[in-house]
Each structure stands twice: as C-alpha cells, then as structure tokens.
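Construct all of the structure, not just a fragment, from the sequences and the given hints.
2 protein chains.
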Amino acid sequence: MNSDTLRYRLLDAQLALAREQQRSVILLLTGHAVTHKGQVVNRLNHWLENRHTEVHALGPSSEEQARPYWWRYWRRIPDRGRIGIFIHGWYGDALFARAERRLSPGAFQDRLEQIRTFEAELAAEGVILLKLWTDIGRREQRRHLDELQQDPARAWQVGPGEWQRHGQHAVIEAIGRTLRADTEASHAPWQRLAFRAPGEQLNRVGRALLGRMEAPPEPPAVTLETLSDEAPGVPSLHRDDAAVEKRLDKAAYRERLAHGQARLASNAREIARRRIPVVIAFEGHDAAGKGGSIHRLTAALDARQYRVYRIGAPSDEELSRPWGWRFWRRLPVDGRIAIFDRSWYGRVLVERVEGLAGEAQWQRAYGEIRHFEQQLLEHGGVVIKLFLAIRKEEQLKRFEARAATPHKRHKLTDEDWRNRERWDDYQRAIDEMFARTHLPGAQWSLIACDDKRRARLAVLELVNQRLEARLASAI
Amino acid sequence: MNSDTLRYRLLDAQLALAREQQRSVILLLTGHAVTHKGQVVNRLNHWLENRHTEVHALGPSSEEQARPYWWRYWRRIPDRGRIGIFIHGWYGDALFARAERRLSPGAFQDRLEQIRTFEAELAAEGVILLKLWTDIGRREQRRHLDELQQDPARAWQVGPGEWQRHGQHAVIEAIGRTLRADTEASHAPWQRLAFRAPGEQLNRVGRALLGRMEAPPEPPAVTLETLSDEAPGVPSLHRDDAAVEKRLDKAAYRERLAHGQARLASNAREIARRRIPVVIAFEGHDAAGKGGSIHRLTAALDARQYRVYRIGAPSDEELSRPWGWRFWRRLPVDGRIAIFDRSWYGRVLVERVEGLAGEAQWQRAYGEIRHFEQQLLEHGGVVIKLFLAIRKEEQLKRFEARAATPHKRHKLTDEDWRNRERWDDYQRAIDEMFARTHLPGAQWSLIACDDKRRARLAVLELVNQRLEARLASAI
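So the protein sequences, as listed, match chains C and E.
In this text, residue positions in the first sequence follow the working numbering: the first is 8, and each later residue adds one.
In this text, residue positions in the second sequence follow the working numbering: the first is 8, and each later residue adds one.
Hints may contain errors.
[Said to hold, decoys possible] Cut-off 20 Å, straight-line C-alpha distance, at most; resulting in silico cross-link-like pairs (EDC-like, lysine to aspartate or glutamate):
| hint | chain 1 | residue 1 | chain 2 | residue 2 |
| --- | --- | --- | --- | --- |
| 1 | E | LYS418 | C | GLU27 |
| 2 | C | LYS418 | C | GLU407 |
| 3 | C | LYS399 | C | ASP432 |
| 4 | C | LYS399 | C | ASP438 |
| 5 | C | LYS418 | E | GLU56 |
| 6 | E | LYS418 | C | GLU407 |
| 7 | C | LYS418 | E | GLU27 |
| 8 | C | LYS459 | C | GLU262 |
| 9 | E | LYS418 | C | ASP432 |
| 10 | C | LYS459 | E | GLU56 |
| 11 | E | LYS399 | E | GLU428 |
| 12 | C | LYS415 | C | GLU439 |
| 13 | C | LYS418 | E | ASP458 |
| 14 | E | LYS415 | C | ASP19 |
| 15 | C | LYS415 | E | ASP19 |
| 16 | C | LYS415 | E | ASP11 |
| 17 | C | LYS415 | E | GLU400 |
| 18 | E | LYS415 | C | ASP11 |
| 19 | E | LYS459 | C | GLU56 |
| 20 | E | LYS415 | C | GLU56 |
| 21 | C | LYS415 | E | GLU27 |
| 22 | E | LYS399 | E | ASP458 |
| 23 | E | LYS415 | C | GLU27 |
| 24 | C | LYS459 | C | ASP293 |
| 25 | E | LYS415 | E | GLU439 |
| 26 | C | LYS399 | C | ASP421 |
I should point out that these hints are in silico values taken from the structure, not numbers from a laboratory.
Structure, rendered in structure tokens:
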C-alpha cells in the first residue's frame with residue numbers, strides 16, 4: 008500500500024468512526040528516547056482529520072496530583088468517535104519511574120496490574136487500543152543524539168532528559184520487555200517499531216493503526232471469581248432483614264446525635280488538615296432514609312469541604328465515554344468529602360434489575376468497581392459504603408405516608424412503586440453486590456433503618472469510626 | 008415568618024427550581040472578616056436540599072492560574088436547577104487585591120466593569136443573582152476576634168488573615184462602598200447585613216434568598232452601541248466580494264507554503280516558550296476551504312501544542328449552562344493553541360439566520376463576544392479571527408464538484424444547500440458581525456478564497472504576522 012492509499016484508507020476509517028459514534032481509539036507510543044515519536048505523531052495527526060483527534064503528552068497538573076493516579080487518564084479518554092494519541096501516557100509513567108527507582112519492583116508490578124485492568128475496562132466499553140514501542144539500539148541512539156546536537160535547527164530537541172535516558176538504555180530495554188510481556192492482550196496489543204526515518208516510520212504507524220481500526224472488535228473476557236457465601240463479615244439482607252429494634256426515644260436521640268455530630272466536625276477538620284480525600288456512597292431501599300441520613304452528616308460539616316452528588320440518568324457527555332468516567336470525574340480533591348446519593352453501584356442494582364445494562368456489562372462491573380475503589384484506597388482515601396435497608400412492610404407504610412403528606416409527596420414517584428414490585432429481584436442483586444464488592448478497606452455496612460433515629464445515629468457512628476480509623480493510621 | 012416556615016418555603020422554591028431546570032441561582036457572600044459567613048453558609052446549606060447545591064470558597068488552582076481570570080468562575084457556574092453559593096468569589100478577589108494594593112485603582116475599575124458584564128451575561132441567561140455584604144463595626148470586630156481567640160473550641164478560626172483584615176477595616180469599608188455602588192443592578196442586587204448572631208443572620212439570609220427566588224425574572228437591558236459604517240479597517244463582504252486574483256501556479260505555491268510553515272513552526276515554539284495562549288477562530292462560507300486551511304496550519308505545528316475544536320450542536324451539559332460556557336471550557340492553557348473550526352460567532356450567524364437564537368439573544372451576543380475576547384487579550388493571549396469568503400458562483404462550482412467526487416461527498420450535506428438559499432441573509436449577518444466585533448487586538452481578517460492556494464498562503468501569512476506582532480511586544 009503506498010502512502011497516499013494508506014492515508015485515504017485511514018481517513019475513511021476515521022470518518023466512519025466519527026459518523027457512527029460507537030467506539031473511540033487510543034493510540035499510545037512509548038519506548039526509547041529520540042526515536043522520532045513527536046515527529047511521527049505530528050505527521051500522523053496531519054494525515055487524520057484533526058477535528059476528531061487529540062494528542063496528550065503533558066505531565067500532571069496540580070489538580071491531577073491531588074487526586075488518585077488514574078484520574079489524569081480517565082479525564083483524557085476520548086469520547087466516542089474520536090482518536091486520542093498519547094505520547095508515553097501511563098506506560099511512560101511506569102517505565103521512567105521504575106528506571107529512576109521511584110517505583111519499587113513490587114509497586115511496578117502493582118502498576119502493571121492496574122494497567123491491565125484499566126485497558127480491559129476501556130476495551131470492554133468499545134475503546135480500540137493500540138500500543139507502540141519505539142526501539143533503537145544503544146549505539147544508534149548515541150549516533151542520532153550526536154547528529155541532532157550538531158544540527159543548529161534541531162539541537163533544541165536534545166535536553167538532559169534525552170541524555171539521561173540514553174545512559175539508562177539497558178535498563179529501559181529490560182523494563183520495556185517486562186512491561187510489554189505483562190500487558191500484552193488481544194484487546195490491547197503491543198507492536199514494536201524498529202528505528203527508521205520519520206517518513207518510513209509514519210507509514211508503519213499508519214498501517215498498524217489502520218489494521219487495528221479495521222480489525223473486528225474483540226472484547227476482553229470477563230472472569231468472575233467464584234463466590235464464597237460464607238465470607239466473614241459480608242452483610243446479607245437475607246440474614247439481617249429481621250433486625251428490628253425498639254424505637255429510640257427523642258431525648259436520647261437528640262443527645263447522641265449532637266455528640267456524634269460534634270465528633271464528626273472535629274474528625275472532618277483533621278481530614279482536611281491532613282488532606283485525606285473521603286468518598287461516601289449511599290445505597291438503599293427506596294424510602295429507607297438516605298436523604299435524612301445525609302442531612303444529619305452534612306449538618307456537622309463545613310459546606311466548603313463536602314459536596315453531595317445525586318446519581319441519576321447520565322448526561323450525553325457521560326454516555327459518550329466509558330461507563331466509569333462519570334464517577335471518576337466526581338472524585339474529590341484531597342481533603343474533601345464527596346457524598347454520593349446512589350452511586351456506581353447502580354450498575355449492579357437498578358441497571359441490572361431493570362435491564363438497562365446487559366448481563367455482560369453488569370457482570371463486568373463488579374471487577375471495575377473493585378478496581379475503582381482500590382484506586383481511591385491506594386491514593387490514601389477513605390471509602391465508606393452504606394446500605395440503608397428497611398423491611399418491605401415498613402416501606403409500604405412510608406410510601407403511604409408520603410402520598411398522604413403534601414410536603415413529602417414530591418419524594419414519591421411511579422418508579423418507586425415499580426421498583427417495589429421487583430423487590431425480590433432487588434434483594435438478590437443486593438446480596439450479590441455485597442458478596443462481590445465487600446473489599447478490605449472498602450467494606451459494606453448494612454444499616455437497619457426501620458427506626459429512623461437509630462439508623463441516623465448508626466450512619467453517623469459508622470462514618471466517625473471509619474474516619475477515626477484512617478486518622479489513627481500512620482500514612 | 009418563623010424560621011420553620013421560611014425553611015419550608017425555601018425548600019419549595021429550590022425543588023421547583025430543580026424540577027423546572029430553567030434557571031440557576033448564585034448567592035454570593037462577601038464583606039468584612041469574622042462575620043459568621045462560613046457558619047451561615049453551613050446552616051443554609053443544611054436547610055436546602057444539598058443534592059442541588061454547591062459551595063465554592065477555594066483559591067485558584069494552577070490550572071486556573073494558567074488561563075484567563077474568569078475561567079475559574081465560568082467553570083463553576085451552576086447548571087440549570089442548581090444553587091451555587093460563593094464565599095467572596097469574584098468580589099473577594101477584587102476587594103482584597105485592592106486593599107493590599109495588588110490592583111491599581113485603574114485595574115480595580117476595569118475589574119468592576121468586567122464584573123458588571125459577567126453578571127449581566129449570567130442574568131440574561133436565566134441565572135438569579137443575589138449578593139450579600141456582611142457588615143461589622145471596627146470595634147465590634149475587635150471584640151469578636153478577642154472572644155474567638157479566647158475560646159479554645161473556636162480559636163482555630165482566627166488566623167493572621169483575620170487580624171490583617173481587621174487592621175484594614177477602614178480600607179475594606181471604603182472599597183466595599185465603591186464596589187457595591189458600581190455593581191448594583193436590578194438583575195444582581197446587593198443587600199447589606201448588619202452583624203448578628205449566626206441564627207438570626209441565617210434567617211435574614213434565607214429571607215433575602217427566598218425573596219430573590221420568588222421575584223419575577225428581570226433580564227438586564229441590552230444596549231447596542233450604534234454602528235459607524237465607516238469604521239476604519241472593518242472588512243465588508245459588500246466591498247471586498249469581487250477580489251478575485253489570477254490563480255497562483257503550483258510551484259510558487261509550494262515554495263511559499265514551505266516558507267510560511269517553517270516560519271510558523273518557529274513562531275509557535277517561541278509562543279510555547281513564552282507561555283502565550285493563542286485562539287484562532289475560523290468562520291467562512293460553506294466550502295470556502297476552512298478544513299484545508301486549518302490543515303496547512305497544523306502541518307507546521309507540534310501536535311502536542313494545539314487542538315482543533317469543531318463547533319457543532321451543543322451537548323446537554325452545555326445547554327444547561329449559560330451560552331458562553333461551552334467556549335470558556337475550551338480555552339487553551341498558556342502556551343497552547345486552540346483552533347476553532349466555527350466558533351462563538353455561530354450565535355450571530357447560523358443561529359441568527361436560522362432562528363435558533365431569539366433576536367434578544369443574538370443581539371446581546373455581540374457584547375458578550377467582545378467581553379470574552381477582551382478577557383483573552385487581557386490575559387496576554389493572541390486572538391486571531393479569520394473569515395474565509397468565496398463568491399456565490401464559486402460555491403456552486405465547489406458543491407457540484409464535491410457531489411461528483413466519491414472522496415469528498417461526505418463533506419456536502421443538505422444543510423449546505425439550505426444555507427445557500429439564504430445567502431443574502433447570511434451576507435447581511437456577516438457584515439454586521441464584522442462591524443460589531445472588529446476589536447482592537449481582535450480584528451477580523453477577511454480572506455478571499457476563490458483561489459484556494461492564495462487563500463491558504465494568506466491564512467498562514469496572517470497567523471504568522473499576528474504571532475510575530477505579539478512576540479515583538481514587551482509584555
């Protein structure tokens with residue numbers, strides 16, 4: 008294929024992508040220094056219709072550094088129909104951090120595991136991935152560096168970074184081998200490119216990209232680990248459903264509430280001072296009292312420190328990106344608290360039960376959720392997950408009370424009645440959710456809410472305990 | 008009205024706002040230090056349904072500092088149905104910068120002018136604005152500061168900043184007077200609040216907010232300055248239409264293109280080094296050659312430095328915010344180049360002619376656009392606006408050629424033919440756009456495009472000239 012033909016076919020493939028708005032493309036180039044990566048990307052970008060292309064090659068901003076590592080890449084995922092080109096990207100971070108020993112061997116392995124998960128998630132959501140490694144021999148790199156440095160028009164391309172990477176050629180070569188071997192996947196394949204002049208290299212990159220874009224989609228396999236029903240500490244509606252206690256009287260409630268809120272205010276100040284991010288996810292039966300419990304929490308918080316997100320239907324900008332994007336974009340900056348009134352668990356609850364997500368999608372979501380929460384924990388965050396449960400009879404009583412009270416009528420919708428009809432399906436989905444996402448550090452807490460007062464105090468107590476446990480840790 | 012009634016009415020008003028999704032609310036509190044602003048906002052936020060509320064009180068991040076000043080507030084405008092509460096916000100910036108003499112008297116006046124424009128734009132787009140100034144006498148402030156400092160539970164609230172502002176009480180008082188007088192407007196009124204205990208203050212803030220939310224909308228008056236047809240240098244299709252030159256031969260074109268691109272590459276590197284942001288807006292007749300001209304520019308640029316935005320229909324997230332938001336969000340960070348393939352001028356061209364924007368909206372857009380571009384200039388940016396014009400006969404020839412060429416057919420849509428039917432309406436709208444938005448520093452350049460080669464060279468030449476002029480300036 009000559010280069011004009013190649014160019015037209017690439018352009019056709021890109022226009023089809025933009026027209027259909029079903030998939031997006033990520034092309035990532037990494038590898039040795041001074042291998043014409045920048046030049047090739049420039050020319051490739053010129054070949055393509057650049058209204059549907061974006062190039063990313065920056066280091067992290069302070070806003071990015073103040074959030075979990077993967078936030079910086081989630082925010083850059085191209086929307087459907089577009090091509091995102093990354094120079095180094097997440098591979099450069101891992102490669103150079105390991106070469107410079109800023110990542111221990113163990114941390115490097117963990118990072119590779121995260122990369123596998125990240126790419127599998129993207130691929131499952133229709134992102135076409137292609138990863139290119141640019142090779143160059145040590146002696147050839149040296150010759151090329153000398154050449155560049157002697158050419159006044161191009162000498163600016165060589166800085167201390169390039170020389171440093173030349174000095175580390177053998178190390179980069181070795182790390183690159185591991186990195187490629189450990190992240191090779193049919194949904195995110197590697198291709199190596201021997202060193203060539205930019206024009207020739209461009210043709211090879213173009214052919215590789217065209218090949219990927221024309222290949223049939225191959226979504227990654229989802230492996231669901233088997234469940235042990237008896238995992239210690241996993242809550243279950245089946246077991247706990249009957250936990251109804253005597254109603255708490257008002258005076259005792261008020262006193263304990265004031266005490267818990269004062270404790271929360273002080274914990275939250277310390278959280279801010281130590282710049283620890285906190286994520287609190289509320290799930291629960293309709294009318295279980297999520298709103299009221301959230302209110303009792305926020306009453307104790309400085310309004311500048313927290314934000315409540317109500318998760319409803321996604322916007323079109325959210326729909327045009329992989330599923331996780333809408334939660335990643337709402338992660339709090341360090342020291343702040345994000346409270347989710349319904350959350351990413353909607354995927355395995357309402358979306359599963361109502362058939363809004365296909366089985367493959369919600370099955371895969373368990374792993375995606377574990378990965379997401381793991382990222383928050385590794386960044387030093389606190390992840391609190393609460394399920395507010397009521398019995399079926401209690402829910403009916405509350406629905407009827409809402410319907411009868413003008414001030415509360417807005418809270419009751421047809422959807423609430425519909426959900427109630429599928430009560431048993433929901434119970435099953437909830438129990439499976441507990442079993443599959445009860446992670447160390449991100450455990451589920453099941454709150455019995457038939458008595459509102461006890462429930463609110465229990466939520467407050469739980470949040471306090473979790474914050475205090477985090478504050479007591481040395482990190 | 009007792010405080011329970013007030014609370015319920017506020018909640019009702021908020022729920023109506025959230026349900027109707029037509030308008031949003033901005034409540035801003037500023038004024039003297041230690042006047043319970045934080046506490047009042049906390050309690051107010053607790054009164055409201057906090058899933059529809061957001062509180063903003065942070066200093067600018069590095070991403071914000073690397074963009075024009077107002078970017079940090081545009082990104083925080085609440086979407087329709089929500090309430091945004093700002094502590095100090097843009098008034099705090101102006102007030103304290105002036106008190107500490109970081110803003111000269113002239114710069115302070117300019118800032119107040121910007122504030123008036125900003126608020127008028129928001130109000131015109133349905134944002135309900137209310138601004139509260141918290142008063143306190145100097146002696147009372149001193150007493151309150153001493154009290155706080157002696158209370159171990161609250162002493163943390165007093166830092167050097169509070170004492171500094173106490174020392175500047177008279178200055179803040181005087182600046183506050185000017186600031187309020189100069190930014191008072193019926194669509195963005197001020198209310199002063201004498202110092203009171205937090206509970207009482209909360210009631211007064213709540214009443215003020217309720218009053219504003221229940222008041223009938225009062226959009227600001229639009230004043231269109233009269234046009235001088237003969238303003239020097241303003242382009243006009245009417246006059247320049249006939250400017251057809253002899254076609255340029257291919258060899259001469261290639262040589263001049265290579266020369267212009269080399270010059271652009273070097274200018275762009277210097278722009279990056281000096282961290283100057285550049286915005287290039289392309290408008291023009293259908294089939295005038297915008298895409299081709301953009302390609303000839305980007306061929307000379309490093310792909311990491313620029314991004315091309317094609318402006319089509321807005322997303323739903325964009326529709327739920329004031330009109331300008333979708334352009335503010337795309338402003339480049341310092342040192343980068345944003346190329347707009349169609350731009351904010353769509354408001355006074357296609358949206359005007361096709362009736363997608365009402366007359367009041369597009370009339371007001373001239374001023375909004377001037378304000379927007381002015382912000383870019385004041386931040387040190389370069390604003391280049393190009394109109395690519397062809398004659399009506401030439402357009403027909405190109406449409407027919409596109410229809411006949413398989414590779415180009417995707418470029419021709421029914422819309423193109425429809426627009427052509429309204430040729431004269433467009434010509435009028437274009438000439439009025441030139442006349443009303445030909446700003447010093449952000450002039451329009453009209454490029455005759457009947458000969459594609461000459462047109463591409465002219466675009467390149469113009470961009471080079473504008474960049475060189477900016478690089479030659481001392482700032």
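How the hints compare with the structure:
no.: 1; hint: E/LYS418 with C/GLU27; result: holds, 16 Å
no.: 2; hint: C/LYS418 with C/GLU407; result: holds, 12 Å
no.: 3; hint: C/LYS399 with C/ASP432; result: holds, 13 Å
no.: 4; hint: C/LYS399 with C/ASP438; result: holds, 16 Å
no.: 5; hint: C/LYS418 with E/GLU56; result: holds, 12 Å
no.: 6; hint: E/LYS418 with C/GLU407; result: violated, 59 Å
no.: 7; hint: C/LYS418 with E/GLU27; result: holds, 16 Å
no.: 8; hint: C/LYS459 with C/GLU262; result: holds, 15 Å
no.: 9; hint: E/LYS418 with C/ASP432; result: violated, 50 Å
no.: 10; hint: C/LYS459 with E/GLU56; result: holds, 19 Å
no.: 11; hint: E/LYS399 with E/GLU428; result: holds, 11 Å
no.: 12; hint: C/LYS415 with C/GLU439; result: violated, 32 Å
no.: 13; hint: C/LYS418 with E/ASP458; result: violated, 64 Å
no.: 14; hint: E/LYS415 with C/ASP19; result: holds, 11 Å
no.: 15; hint: C/LYS415 with E/ASP19; result: holds, 11 Å
no.: 16; hint: C/LYS415 with E/ASP11; result: holds, 15 Å
no.: 17; hint: C/LYS415 with E/GLU400; result: violated, 66 Å
no.: 18; hint: E/LYS415 with C/ASP11; result: holds, 15 Å
no.: 19; hint: E/LYS459 with C/GLU56; result: holds, 19 Å
no.: 20; hint: E/LYS415 with C/GLU56; result: holds, 13 Å
no.: 21; hint: C/LYS415 with E/GLU27; result: holds, 18 Å
no.: 22; hint: E/LYS399 with E/ASP458; result: holds, 14 Å
no.: 23; hint: E/LYS415 with C/GLU27; result: holds, 18 Å
no.: 24; hint: C/LYS459 with C/ASP293; result: holds, 14 Å
no.: 25; hint: E/LYS415 with E/GLU439; result: violated, 32 Å
no.: 26; hint: C/LYS399 with C/ASP421; result: holds, 17 Å
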